[in-house]
Amino acid sequence: MNRRGFTLVEIMLVAAIVALLTSMAIVEGVQLRKQANESNCLANLKAIASGFEVYSARNSGLYAPSDQSNLQFLVDSSCLFQDLINIGQIGNFRYTAGSITPGGYEIRAMAVNPALAEHNYEISTGGILKRSDTAEVTDTNFKDYR
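Numbering (my numbering), first residue to last: 142 to 287.
Simulated from the structure, these hints should not be mistaken for lab results.
Okay, derived cross-link-like pairs now, DSS-like style, lysine-lysine, Cα gap no bigger than 25 Å in a straight line:
(1) K284 x K271
(2) K175 x K284
(3) K271 x K175
(4) K187 x K284
Generate the whole structure from the sequences, applying the supplied hints.
As structure tokens, this is what we get:
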């Protein structure tokens with residue numbers, strides 16, 4: 142009798158190939174998600190920095206009114222269109238104000254979930270972007286990012 146069909150070895154081989162391709166796709170997807178999260182973070186930081194620069198240009202070189210702890214003044218003066226009144230968590234990053242003074246600013250973006258973002262970022266007066274490769278937050282951990 143002549144039977145047609147697949148042998149057990151052939152089916153197992155196909156299953157192994159499918160499993161290998163699936164695992165490769167999952168790893169690549171995680172990397173792409175990390176990159177997308179970090180790109181979104183950088184875009185938010187650059188938007189905040191642009192808001193400060195616009196405010197400075199309109200207000201005789203001052204980056205902020207005296208004693209600011211949030212970004213409401215940028216929204217009120219139409220310098221920032223994102224509603225980041227109280228800097229907080231957006232996506233996988235928590236944004237904090239290192240300092241906001243009439244002479245300058247420092248905004249940090251800290252990864253909420255290190256599995257989804259490998260770096261912390263900081264943007265300061267003049268749009269200078271820095272990156273930290275460690276979870277600890279000290280001024281020495283942030284290095285210029287290009």
